[in-house]
Amino acid sequence: MVTIKGYTNNSELRKKEVIPGTFDAVFKAVLTEEKEVLAEIIELVIGIPKEEVIKNGVIINSEYVRENIIETDKKSDLLISIGDNVINLEMDRRYYSGSNKKNNKYIHKIVNHYNSKNTVQICFTSYKEGEELKGEKKSIRKYMFQDSDGNVEDYGLEKYKIDLEYIENKYYNNDELTRREKIFLMFKESNREKLKEISKGDKIMDKIYKRLDKLSEDEALSLLYDEKEREEEKKQAEIEYAEEHGLNKGISQGIKQTAKNMLERNMNIDVVAEITGLSLEEVIKLKEDI
Numbered sequence: 020m021v022t023i024k025g026y027t028n029n030s031e032l033r034k035k036e037v038i039p040g041t042f043d044a045v046f047k048a049v050l051t052e053e054k055e056v057l058a059e060i061i062e063l064v065i066g067i068p069k070e071e072v073i074k075n076g077v078i079i080n081s082e083y084v085r086e087n088i089i090e091t092d093k094k095s096d097l098l099i100s101i102g103d104n105v106i107n108l109e110m111d112r113r114y115y116s117g118s119n120k121k122n123n124k125y126i127h128k129i130v131n132h133y134n135s136k137n138t139v140q141i142c143f144t145s146y147k148e149g150e151e152l153k154g155e156k157k158s159i160r161k162y163m164f165q166d167s168d169g170n171v172e173d174y175g176l177e178k179y180k181i182d183l184e185y186i187e188n189k190y191y192n193n194d195e196l197t198r199r200e201k202i203f204l205m206f207k208e209s210n211r212e213k214l215k216e217i218s219k220g221d222k223i224m225d226k227i228y229k230r231l232d233k234l235s236e237d238e239a240l241s242l243l244y245d246e247k248e249r250e251e252e253k254k255q256a257e258i259e260y261a262e263e264h265g266l267n268k269g270i271s272q273g274i275k276q277t278a279k280n281m282l283e284r285n286m287n288i289d290v291v292a293e294i295t296g297l298s299l300e301e302v303i304k305l306k307e308d309i
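The letter at position 104 of the sequence shown is residue 123 when you use our numbering, and the numbering goes up by one with no holes.
Derived by calculation from the structure, the hints in this document are not laboratory data. Please note that a few of the clues may not be correct.
[To be verified] DSS-like cross-link-like pairs, simulated, lysine-lysine; straight-line CA separation at most 25 Å: (1) Lys219 with Lys233; (2) Lys254 with Lys207; (3) Lys161 with Lys34; (4) Lys226 with Lys254; (5) Lys233 with Lys161; (6) Lys35 with Lys222; (7) Lys201 with Lys54; (8) Lys207 with Lys189; (9) Lys156 with Lys136; (10) Lys69 with Lys229; (11) Lys222 with Lys233; (12) Lys69 with Lys275; (13) Lys222 with Lys74; (14) Lys275 with Lys254; (15) Lys34 with Lys207; (16) Lys189 with Lys219.
The structure displayed is predicted, hence computed values, not measured ones.
Please work from the sequences and hints to get the whole structure.
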């Protein structure tokens, strides 16, 4: 699927397309503004009954507020508490070598902060997986965390990955999709006609489409979407430059020195963090020392 370009000022495109649910602000908005959709996804992935999520689920940490969407520096985290469970929902739109490390580090922060009996991360991925993923492709994969000795950590820490790329490929190959896969696909697809086709006759999917449609009318949100698209294009170009010139090959020999070399080339600090696996704080400190 071709990514939407210049959405805000393209009236013809806006008639044909919505801002996709792979855009983080839209993803979080759909789930926070449509609790029945959020509950349905949690039930489909984890098995907690939808009625229990609707009745007892409490969003405990969502910095996302649509009225303040123009404040682009805000980081939107979506955590929902249900009984002994704390569930984090994330959308990873683009792959980079440090993405798994970032998400795993974040889920451990949740464990330490909320001290819940069960901590679960549901991560939607909207990209072709890296070379580390081998074996049979699936729409959902469950991961158990391991300690430094390779032993499975047994304190209720789980991670589920929803492979949107795999589901989309099934759809465009005319393979039969389950209802669960169709619901997930609603967050990947942006074409209005296809969204209507996928959601036809289903209450939950219809809610997703209508919410995507409404969010796409928000001028501040569309401006933010265009801005983020430009930022992502620039970051992707920098990553490709780094890979082409071998800047990431020396990581194992000296991560910080590699990061310094990249910073000296005035590369974006987010890109440096993504390629090296260093935290933003570490990269910022290195930049200050140059």
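The hints, checked one at a time:
1. Lys219 with Lys233: holds, 18 Å
2. Lys254 with Lys207: holds, 21 Å
3. Lys161 with Lys34: Violated. Lys161 to Lys34 sits at ~38 Å, over the 25 Å cutoff.
4. Lys226 with Lys254: Judged against 25 Å, a Cα distance of about 33 Å means the pair is violated.
5. Lys233 with Lys161: This hinted pair is violated, its Cα atoms lying about 33 Å apart.
6. Lys35 with Lys222: At roughly 22 Å apart (the allowed maximum being 25 Å), Lys222 and Lys35 satisfy the hint.
7. Lys201 with Lys54: Distance ~18 Å between Lys201 and Lys54 Cα, so the pair holds.
8. Lys207 with Lys189: holds, 13 Å
9. Lys156 with Lys136: violated, 30 Å
10. Lys69 with Lys229: Since the Cα atoms of Lys69 and Lys229 sit roughly 20 Å apart, the hinted pair holds (cutoff 25 Å).
11. Lys222 with Lys233: holds, 17 Å
12. Lys69 with Lys275: Roughly 47 Å between the alpha carbons, so the hint for Lys69 and Lys275 is violated.
13. Lys222 with Lys74: holds, 19 Å
14. Lys275 with Lys254: Judged against 25 Å, a Cα distance of about 20 Å means the pair holds.
15. Lys34 with Lys207: holds, 18 Å
16. Lys189 with Lys219: Distance of about 18 Å is within 25 Å: holds.
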